[in-house]
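Student: Chains as they are written, first to last, in numbering that gives the first Met the number 0: chain A, 0 to 437; chain B, 0 to 337.
Be a bit skeptical, because a hint or two may be false.
Said to hold, decoys possible - 25 Å max Cα-Cα, derived SDA-like pairs, lysine to any residue: (1) K372/A with Q83/B; (2) K226/A with G90/B; (3) K220/B with A203/B; (4) K112/B with Y291/A; (5) K74/B with G285/B; (6) K372/A with I80/A.
Hints were generated in silico from the structure; no laboratory data involved. If you're wondering where the values come from, they're calculated on a predicted model, not measured in any experiment.
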Amino acid sequence: MSDTHAQTVAFVRDTMLPEKAAPSGQSGAIKWLRENLFSGWFNTLLTLVGLYVTYSFVVHFYPWFAHGVWDANSLKECRAIITDRYGEGATGACWAMIRERWHQFLFGFYPSELYWRPVLTFALLFVAIGPLMFQFVPKKVIWFTPLFPFVAVWLLWGGSIWAPLLVLAGFVLGWAVFSFVGKYGSIAGFSAGAVVAILYFLFAVGPLIDLFQAMMPIGIEHVDSAKFGGFLLAITLGVGGIVMSLPAGIILALGRQSDMLLIKSFSIIFIEFIRGVPLITLLFVASLLLNYFLPPGTNFDIILRVVILVTMFAAAYIAEVIRGGLAALPRGQYEAADALGLDYWKAQRLIILPQALKISIPGIVSTFIGMFKDTTLVVFVGLFDPLKGIPDFIRADFNWKGIYWEPFVFVGAIFFILNFAMSRYSMHLENRLQRDNH
Amino acid sequence: MKKSVFIGALTAATLVAGVAGAATLDDVKARGELICGVNTGLVGFAAPDANGNWSGFDVAICQAVAGAVLGDPSKVKYVPTSGQTRFTALGSGEVDLLARNTTWTFSRDTDLKLQFTATNYYDGQGFMVRKDSGVTSAKELDGASVCIQTGTTTELNLADYFKANNMSYQPITVDSNAEGEQQFLAGACDAYTTDASGLAATRAAFANPKDYVILPEIISKEPLAPAVRQGDDQWTDIVRWTIFALIAAEEYGVTSANIDELAKGTENPEVNRLLGTEGDLGAMIGLDKNWAVNAIKANGNYGEIFAATIGEQTPIGLARGLNAQWTQGGLMYAPPFR
Chain A
0 MSDTHAQTVA FVRDTMLPEK AAPSGQSGAI KWLRENLFSG WFNTLLTLVG
50 LYVTYSFVVH FYPWFAHGVW DANSLKECRA IITDRYGEGA TGACWAMIRE
100 RWHQFLFGFY PSELYWRPVL TFALLFVAIG PLMFQFVPKK VIWFTPLFPF
150 VAVWLLWGGS IWAPLLVLAG FVLGWAVFSF VGKYGSIAGF SAGAVVAILY
200 FLFAVGPLID LFQAMMPIGI EHVDSAKFGG FLLAITLGVG GIVMSLPAGI
250 ILALGRQSDM LLIKSFSIIF IEFIRGVPLI TLLFVASLLL NYFLPPGTNF
300 DIILRVVILV TMFAAAYIAE VIRGGLAALP RGQYEAADAL GLDYWKAQRL
350 IILPQALKIS IPGIVSTFIG MFKDTTLVVF VGLFDPLKGI PDFIRADFNW
400 KGIYWEPFVF VGAIFFILNF AMSRYSMHLE NRLQRDNH
Chain B
0 MKKSVFIGAL TAATLVAGVA GAATLDDVKA RGELICGVNT GLVGFAAPDA
50 NGNWSGFDVA ICQAVAGAVL GDPSKVKYVP TSGQTRFTAL GSGEVDLLAR
100 NTTWTFSRDT DLKLQFTATN YYDGQGFMVR KDSGVTSAKE LDGASVCIQT
150 GTTTELNLAD YFKANNMSYQ PITVDSNAEG EQQFLAGACD AYTTDASGLA
200 ATRAAFANPK DYVILPEIIS KEPLAPAVRQ GDDQWTDIVR WTIFALIAAE
250 EYGVTSANID ELAKGTENPE VNRLLGTEGD LGAMIGLDKN WAVNAIKANG
300 NYGEIFAATI GEQTPIGLAR GLNAQWTQGG LMYAPPFR
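With the sequences and hints as input, model every part of the structure.
Tutor: Set out below in structure tokens:
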């Protein structure tokens with residue numbers, strides 16, 4: 000059959016023609032351009048306007064970046080070097096200020112011989128959150144996570160090693176009482192644990208620290224809160240606030256949904272009051288008003304005060320974000336939990352919260368990002384934030400007076416890196432937790 | 000009823016707190032450290048260097064007081080305060096002393112319950128304009144836009160001056176000096192106004208200082224004085240007379256170079272009383288005999304401090320002007336030490 004075919008129907012093709020490339024107008028870059036940038040007269044116009052705007056920005060700002068000077072000791076020298084290299088009237092960035100003062104942007108006035116302490120703390124932070132955030136970290140590392148806050152406080156502020164150890168002991172004590180009394184009922188256990196822990200913190204911990212310190216003086220050099228500044232301050236406040244506001248926010252969100260009137264009204268009043276007041280007001284309360292009410296001579300650390308207020312602020316917002324997550328859960332999930340005979344806490348822990356939190360991830364992370372950026376507001380209570388506090392005092396040095404944009408660019412870049420990392424992580428987490436099919 | 004009890008308790012608590020906090024001297028001695036409220040950064044007056052060490056004209060006052068009280072000028076903790084927080088920081092007891100280029104005014108002294116000790120710098124408000132604007136006097140600024148820092152006395156002075164001269168202006172408010180400079184350089188305002196000391200430093204830091212002129216008019220009186228809380232007269236005396244000691248030391252020729260020599264005793268009884276070799280003035284304000292010696296040793300006498308921080312040899316280049324000794328035609332006049 001095949002040979003007859005070859006002879007009889009000569010016009011039938013027996014081989015395929017080789018594939019040809021698509022016409023140049025329908026492939027590659029040109030196709031992409033046509034489809035995305037020039038698909039109609041309006042889009043073409045927008046593209047041209049966009050190109051022009053980009054071009055003007057580049058023309059305007061590129062020389063400033065390109066003429067940047069790194070090796071100078073004052074703004075005057077920077078200007079002289081730029082004039083020398085690029086002629087009269089040329090402008091350029093004076094990055095030399097960053098080169099000379101970068102450590103103050105990162106650490107504030109933290110003693111330079113002790114920089115290893117914040118750096119080590121920052122590294123340990125990733126060890127502590129690793130098992131919570133990434134699956135490839137061995138699960139056993141998680142025992143370090145609850146210890147990290149104590150290690151971090153001790154490394155950052157220094158002082159006697161007994162202070163963090165004995166405070167930790169207080170939590171262990173409270174937990175021990177809770178698990179012992181808890182056998183007779185969870186409310187009784189919780190109250191007993193809390194009462195014992197609070198009594199311990201109020202009356203026992205101070206004398207005990209002195210006693211242990213007198214017996215065995217172990218400690219590292221103390222660093223005062225006033226020496227914190229720049230990103231060290233921003234990250235300390237940010238991480239402290241984030242770590243504490245998430246659990247506080249969860250509790251407030253659950254409290255707001257509770258059937259118990261007292262808890263419900265407390266949660267609502269707290270959330271609505273905090274959300275109704277600007278953060279600056281709370282910061283002023285933290286730094287100024289509290290002093291009028293505390294007995295004179297009380298040394299209530301300013302960073303601690305600000306962390307507490309920032310935490311309260313963020314917790315109120317997180318609570319509302321999580322409430323959104325709770326509301327988004329189908330009613331059936333709650334009923335299913337009841338039908339299984341789970342008690343309130345078990346139902347929340349095993350069924351409700353895992354789903355509600357997953358829904359709330361984008362909202363929670365934006366609250367965190369917002370809070371981290373808001374830490375720069377502490378400049379108004381006399382702390383050296385990286386955005387305004389640090390540049391302002393650097394400008395007070397006559398060598399750098401008159402410098403303006405460079406610190407904003409530098410600090411903005413670091414903030415962008417940190418916040419973008421947080422945002423990417425949250426997207427990664429959302430993808431990882433993508434389970435549902437409805 | 001309940002409410003009044005509560006308010007009464009609160010008042011009582013406040014009173015107790017006030018009494019307990021009155022003896023600032025004891026607090027400072029017990030703490031071994033003077034807590035000094037300073038500017039968050041003002042060229043020549045208060046600025047930390049790359050290592051975080053503070054220096055400047057106001058900082059020198061803190062160091063002199065620490066020298067007088069504690070015998071060691073380095074025992075100072077600096078608390079940077081903003082224009083808005085400075086008075087509450089002092090009132091709430093967060094700082095012992097506010098040496099923060101603060102203008103001594105009636106309402107601050109009385110209504111805000113501050114106690115200004117002694118003027119350490121006589122400043123005044125001036126204007127800076129671009130040279131090519133052709134303006135040569137503040138009287139020609141009618142209708143001009145003026146960059147002005149909010150929350151300062153300069154803002155009020157500006158309003159007063161334009162009103163008194165029947166002129167109008169458009170204020171462009173800025174939050175800090177750095178912002179003001181930027182706005183002025185970018186042409187957002189025709190004139191920039193702040194204290195004359197700040198104007199000189201600002202102009203000196205411009206890329207082309209010659210393109211800008213400072214107008215001759217000084218439109219306000221700005222006596223800058225370190226302040227303390229009202230109600231602690233002993234502490235007020237200590238700060239006030241420490242400043243007077245620095246001023247008197249310049250008048251009598253006591254400098255950081257010759258003070259060790261003079262402290263052994265001189266022919267001049269007033270110098271002897273100041274330096275504690277005759278009489279015991281220190282005991283009258285609760286300090287030891289060497290208080291003035293230690294204060295002067297911190298950074299030298301008033302003239303030396305001025306020359307080292309803001310004087311003509313520094314980039315800021317301020318002339319003594321009103322701040323010269325009274326014997327040189329200035330206003331610096333320390334009452335007698337006796």
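Student: For every hint, state whether the structure bears it out.
Tutor: Evaluated hints:
{"no.": "1", "hint": "K372/A with Q83/B", "result": "holds, 22 Å"}
{"no.": "2", "hint": "K226/A with G90/B", "result": "holds, 23 Å"}
{"no.": "3", "hint": "K220/B with A203/B", "result": "holds, 23 Å"}
{"no.": "4", "hint": "K112/B with Y291/A", "result": "holds, 15 Å"}
{"no.": "5", "hint": "K74/B with G285/B", "result": "holds, 18 Å"}
{"no.": "6", "hint": "K372/A with I80/A", "result": "violated, 35 Å"}
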